[in-house]
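Asker: Could you fit the two chains together into a complex? Lean on the hints.
The residues making up each chain are set out below.
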Amino acid sequence: MLTTALLVTVMVNGESVQRFVEPRLSLADFLRRDLGLTGTHLGCEMGACGACLVSLNGSAVHSCLMLAVQADGLSVDTIEGLAESGFISDLQTAFHERNAMQCGFCTSGMLIAARECLAHGGVPSREEIRDALSGNYCRCTGYQSIVDAIETVAIARAEKEVGGPV
Amino acid sequence: MSNASDIPFAKTTKYIGAALPRATAKRFLFGRGRYTDDIEVPRMLSAAFLRCPYAHARILAIDTTNARKFPGVHSILTGVDLARICRPWVGTLTHFAGMKSAPQLPLAMEKAVWSGHPIAIVIAETRAQAEDALEAIQVEFVELPAVVDALDGLNEHSALINEAAGDNLIYATQIEAGTIAQAFEDAEIVEADFIFGRHTAVTMEPRSILANFDPSTGRLDVHQSTQTPYQFQDVYARHFNLSEANVRVVAPDVGGSFGMKLHVYHEDMAVVGASIISGRPVKFTADRMESFASDIHARDHRVRARLAVSSEGILRGFDVDDVTGVGPFSTYPRTSVVEGNQVVRLIGAAYRVTDYRAALRVVAQNKNQMSQYRAVGHPVAFAVTEYLVDLAARKVGLDPFEIRRRNYLTQDMYPHTTATGYQIERLSLEICLEKLHEVMDYAAIVAEQERLRRTGVYRGIGIATYVEITNPSPAFYGVGGGHVSAQDGCILKVTQSGEIQCMISVTEQGQGTEAIIAQIVAEAVGTDIATVRVFTGDTDMTPAGGAAWACRGAGVGGETALQAGKKLKKRIVEVAGAILHCPAHHLTLVDGRIVDAQQHTRMTLRELAHLSYFRSDLLPAGRPAELTVAHHHGPSGFPFAFTNGIHGSLVEVDVETGIVKILKHWVVEDCGTVINPLLVEEQIRGGVVQGLGAALFEECRYSASGQLLNGSMADYLVPMACEMPDIEVYHVETPTRDTELGAKGCGEAGTAASSAAALNAVNNALSVFGASITQIPMTPERILRAIGAVG
Ligand code: FES
Ligand code: FES
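These protein sequence lines map, in sequence, to chains A and L. Per the numbering used here, the first sequence starts with residue 1, numbered consecutively. Per the numbering used here, the second sequence starts with residue 1, numbered consecutively.
Next up, chain L with everything else stripped away, as it sits in the complex (with noise of 0.2 angstroms):
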């Protein structure tokens, strides 16, 4: 545990703990939101790409001749133009033992890899004129036989997407604990094939930076719809060659990240290229159909696992096989590597399982690039374990809550380290799971069920447990090499009027990280939350720090926050001790006023900064009033905060048509101390949300020959308003004793294991019709051909 002050942190609960709108946010509602592509600066360009049209291809040659001549064009770059002052990017990390992926520039040089992959760029005056230009760009392609299945990459004669590998497999890994063969030896066998496929973030603002080189003195000034400023100011210096000191990099207001915008995109490199060779503002808005072509991907997982299972319903053993696509090489600088490892690491971690095989196996392909996208890996993990765990309930004749009582890991045997390796410090499985049976009202539900059920209506209930990774350490990037930050900074200094402005490193997509930070300080501090105001996301303003990932905001940020909130205490109450002539450790601060051992007032906080700040002179001689402090935090402890909880959905499947209507989802969460429930209940919400997406609707559809079929959001089925239930969700709270704070995270919990209950309530709803469905999403089409109504 850090302590940054020997003044002990009282929760007083008036602020942490309390449903507080967000006061920032009121901005949105009066059109006064500042995105990226919101920003114009003079003498800005635009900028627009020319993509390939195939999934892989040889270039022979590029002609800009008559397109330069477009009107309004102010120059056409090509690979060769930026391969100059661009360093190459690799996305591999070394503890991902022999992992290998092709070197990346901004733009395709002799070869083309997806379908989508930039080529060119325009830059214009506007992106109208750079978008006529791309027409007169002439490019010869020899088109190659493209990679399109991960399954089929594997194969001897396959199509090479990377030549200089010798094959397609990007990684591979074994995980083996225990015993597995003992374990399915004389057990009830129980086994699935999945098909998990493709779908993507679509944020609703799409990917935009508008990059800004000053060529006479080296200044680079990026704004970027990104959750990861620090990490891009980190990149645009190494790979450009700059002073990063002289990189700012600043994230305005992001309309929707969930993890697709920390990943570096060919564009962003290319703008920032494009700024720097022309000395002029460049910016670029994907429009949707580029988001669908170029956002990272998620999932796309084959799974192939098989459960051991006692007589008496105890769980024995699992073997897992895994292979996955991740596009043709793997994502910068996180990897492409990480969702599978995931999904082979926390299959089971809920349950008392000591024998366990896994394989992964990860695939190039000529698809766009799959990478980390909100609840990475979980939402595949979770559907494999608790469909087999459904699976051998009903092999052995156990309700689905009673096998998962008998097997989940209880309240004696924490610290628990999973067959995989995972250490869990403490979970509330048990105490989730009897919750979610009482909010639920299983056994009415259930009844009803089955009265509808004579009636020809087809319901169904899932459960899904989940255990979630959270307040990584760098055991999960910076062991491995990756320039990604593990650990936050915060600055909190006393304004001439004695409010509080913090800058933090920990960033705002819209989660509530401003609120909840000014939640922590406040209470921290012992100040009124009016009077506390909040910065993020601008490299030059706040310390360096991880940002968004990982469900990281309120662990490491609020306790990097709670820390600094305590030193500034410390240094207010010495300060006032000093000009009071009083022992400072007679004195607190409560709501802005500095009181002593008999709760007098003594002074206001606003007192205190207008003799610190204009009357020095009154202050004991040598003692200035330093009433700025700054803290880092980085999680130290175990390497990650599990969280935990279950799902509960209640859904109908019309057998008829194929449609599932969802009409009821439940969520019993513990992320550990809650600092704002009701933007907990909403970063639940939308999770649940995108994951019952993955479940029913989400999915990007590639031709044979690798076009990507569905890239707008007319094809591209992203869950309405009307097509979505209410979602109740409930607190159970364990807090980390790695920190004082106690946070968790929250931000995936609602996708890790929505889908995996609407998939257990798909299948608990066609089990009458001894049919079953392993794939996601379960379209209509699929739901008719599993119970066989059509062919």
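So here's chain A without its partners, still in its complex pose (with noise of 0.2 angstroms):
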């Protein structure tokens, strides 16, 4: 077993941290506890829940999967910088006003994921925001609420796009 401390680099929410971790350590523990960003979550540690979804120099990553050290000079997002940042406020107010959540548990996930679905622009069907969905488990909600929020937020940022609706 390798347990020599390797120092890595990783821009975290914008910000450049440095810290010396275990070769083993997941970039989930890393975050949750060397950075106390507790947004990300660990519903199963094996890449099937996407609770524990970060944004990793842009795209949806399970960081559950992933080594912090593999993270060494990459840039992660995590909930707390995508919601402090404001680039998801829309889909906030929409999960919001929808409860598009109820323990809360998969929703850091569930925004990652909707943020990812919508990147491309466009309105998604219904059926293909459900399928976008289909790596993220949420057992409260039955989904139909956050489908209904991602449509929503979807629908508004189309109508933005051409000045009026569609």
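Source of the hints: derived by calculation from the structure; they are not laboratory data. All clues given are correct.
To spell it out: a stretch of chain A is covered by chain L in this simulated footprint if at least three of its residues, at any positions, have a beta carbon under 8 angstroms from a beta carbon of chain L; those stretches are:
no.: 1; region: 48-55
no.: 2; region: 68-82
no.: 3; region: 88-98
no.: 4; region: 104-113
no.: 5; region: 128-136
no.: 6; region: 140-149
Okay, derived cross-link-like pairs now, SDA-like style, lysine to any residue, Cα gap no bigger than 25 angstroms in a straight line:
no.: 7; chain 1: L; residue 1: LYS26; chain 2: A; residue 2: ARG157
no.: 8; chain 1: L; residue 1: LYS661; chain 2: A; residue 2: CYS117
no.: 9; chain 1: L; residue 1: LYS26; chain 2: A; residue 2: GLY14
no.: 10; chain 1: L; residue 1: LYS664; chain 2: L; residue 2: LEU398
no.: 11; chain 1: L; residue 1: LYS100; chain 2: L; residue 2: GLU156
no.: 12; chain 1: L; residue 1: LYS26; chain 2: A; residue 2: GLU151
no.: 13; chain 1: L; residue 1: LYS664; chain 2: A; residue 2: GLU128
no.: 14; chain 1: L; residue 1: LYS493; chain 2: L; residue 2: PRO21
no.: 15; chain 1: L; residue 1: LYS435; chain 2: L; residue 2: LEU663
no.: 16; chain 1: L; residue 1: LYS493; chain 2: L; residue 2: HIS632
no.: 17; chain 1: L; residue 1: LYS69; chain 2: A; residue 2: GLU22
no.: 18; chain 1: L; residue 1: LYS664; chain 2: A; residue 2: GLU151
no.: 19; chain 1: L; residue 1: LYS69; chain 2: A; residue 2: ALA5
no.: 20; chain 1: L; residue 1: LYS664; chain 2: A; residue 2: PRO124
no.: 21; chain 1: L; residue 1: LYS664; chain 2: A; residue 2: GLU127
no.: 22; chain 1: L; residue 1: LYS493; chain 2: L; residue 2: VAL590
no.: 23; chain 1: L; residue 1: LYS570; chain 2: L; residue 2: ARG606
no.: 24; chain 1: L; residue 1: LYS664; chain 2: A; residue 2: SER125
no.: 25; chain 1: L; residue 1: LYS664; chain 2: L; residue 2: ALA444
no.: 26; chain 1: L; residue 1: LYS26; chain 2: L; residue 2: GLN501
no.: 27; chain 1: L; residue 1: LYS26; chain 2: A; residue 2: LEU35
no.: 28; chain 1: L; residue 1: LYS14; chain 2: A; residue 2: THR93
no.: 29; chain 1: L; residue 1: LYS26; chain 2: A; residue 2: CYS117
no.: 30; chain 1: L; residue 1: LYS661; chain 2: A; residue 2: SER134
no.: 31; chain 1: L; residue 1: LYS26; chain 2: A; residue 2: ASP148
no.: 32; chain 1: L; residue 1: LYS664; chain 2: L; residue 2: PRO780
no.: 33; chain 1: L; residue 1: LYS664; chain 2: L; residue 2: ASP441
no.: 34; chain 1: L; residue 1: LYS661; chain 2: A; residue 2: GLU151
no.: 35; chain 1: L; residue 1: LYS661; chain 2: A; residue 2: GLY135
no.: 36; chain 1: L; residue 1: LYS26; chain 2: A; residue 2: GLU84
Partner residues aside, some chain A positions facing chain L, computed with beta carbon under 10 angstroms:
no.: 37; residue: GLU22
no.: 38; residue: LEU37
no.: 39; residue: HIS41
Cβ coordinates follow ideal geometry from the N, Cα and C atoms, glycine included.
Answerer: Rendered as structure tokens:
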């Protein structure tokens, strides 16, 4: 077992952080434990549930499947950073108004998946939204409210784009 | 009805009944939820468990010498270490006459009784270090024959799990009402054998506990992902011999619970014990494999049932046998027999049936413990009932809606006592049935079904009624000696600036308890909801109460808050009257303003609070402004509040692959007064999906030797967004008159009959093949076997 700590430098939510980490430390544990960014959750630690999604150099990845050392030199955005930057405020508002979360445990991952789903513009069908969420389990909502919230944002963004109702 | 004040409560519907989003849920959208595993405290250690790899084994010796030398390890405890400080617990209640269950301790002693049974706890600087050390613990086992199938466990020659008991039968009961033999004489008879697989809660947040014992003061502080903190305060105090006033249990944000997080688990007791012994804070969070192996499982029933029906389609009697396998012992403190008990008592509850016989056997087996999970017993009872009712309809040539119309309890029959003894205040069965007929557009989907059938597309339509137990009185647990509160308590205080803080014993796991309590308090007091803050889940802060179980948050907690709010309003206008030299009964409170009979604002609550707290010298002598009230409320009147409703499901069965696609699901529900329709609908939808998961995908599969075969999220199928339909929810309101608020519960209604509706829908689709299926989950393989496509 390789246990000598290694120095990593990661851009986290726009700030450069340096830490010594054990080689076996997952990115999720690094964020949660070493940096106190507990908005990233662990539901399965095997890439199935999506609770641990973070944005790595702009695309959604499972932080449970990555080692902290693999993020060396890269840029990670967690739910805390995305929320505070205002980038997903329309999604947050829609989730809140539609009550698209109950216990909230899946919510960070859902927002990151939703952001990715809408990244390319356009208004996906409800089925496409449901497909896009297939790597994100939610045990509380039954998904419909989440689909509704994402659909609402997609439509609103498209309307803004063309400067009027579509 | 409990009236805390003589001011009548006029429902203004400003807040009660409004679809308001949950103010406090915003933190989840910013990653600012705070779950137990998020909490770190100084000098904290992490725990990991060594578990028995066998379903049933004798433990001859445990050697921890090498493991103790691992880096970071603080200590390793085994069964005997914890047995010294922990009184065993026994999962029986006296009102289940004759039930027996083996005493439990935090860690296995001479025998381990399921694969996953904790044997040793390692506490170390980090979880990873604790796990490293696990591998160096040496245990000498002798594997014993395992009881895996519940029916085998009843066999005379079966291995015994609890030798002292003499057999594996934990509990048995019989119900007989009317003359069952007569009911079946000259009747048409339909019958079926059902298998209900085991599934489990799979809360997205696994179980987690952080226990912090301070040996200098004897203070135990526990943060725990639970729905019932007061119950755990009682358990930890009694079993570890601590002063209860010195035990604090906090439930921070809880990432799903569904009944699973109210049972006593060996790991929780071991972590508390490890903190007491070490004098250090100890945290344990289950990983997903541990969750599958130790979170309670649900269902696991074999039911054989018969229904007698007249040729006119009048139901005459039910005859039921249920055998349920509950794992090696009965769960504490609520037992593992409530589920089976509800199965045999709820079957047929919606119908005019007086002849009834049922037998229940609850059997021990070497599997993980089985106990209460969302909708306890209801999904089994209604799958059996509604399947048989559909079968009866087919037998006598009636439409599924028509046979229900002919047999439901109707408005002229209340109050009603069921054949099994449940007292029902009032239901709205026939109203919900007609509403469902309308919203499904039944005629149209039947026509479409027939049209598609000719093209080789097999759709099925299923409906299923439920009658759900909510707002339980102490008849549930208290009368049997269980330390489970059926009442709740609430403290309301006016802050220095005239806002309201509410400390209430019902708890929040995302269903919106805090939101509806705020709505009720704002309305009852007569103030702006933005000035009401609700606090839950901390035994140091709120009065003791039942917290969250059996859908009691709105019905019991809501009434508690309502009466507390009325009390506070009365107190406020009394103080205002004294200040304003005006009779209190001429004053009331509207939107945080004290107004007189002419609707003139005389002062604001803010001004009143300011005077009360900062200028008490100006108040009339001897009249201190006591702007804090407490109120407790326990259900009285009917022992339970029964809700009702009906589900409709539209499915498509691919007869090549056996895959079922749920196209649409409808629910018409009646939970009494709806406090927040947005939240009720989301409770229903979430519940429906858990029921559909059970119907189609979810199953804890065991090998013949008692090994759990699919203990991971990749192998155990939780419903995904792409597999679930849109779900339409409609409300009918029949408030209970046992309370002023009139709310019953809604948290379990979605799960109570969605699997039954799906079962009926699939069978409706399969009927053209003369095939049927009576086992859930209805996996593709089982569907294909049912239609004879595979052997
Ligand atoms: S925790 Fe990473 S996918 Fe579940
Ligand atoms: S809101 Fe609880 S898991 Fe999604």
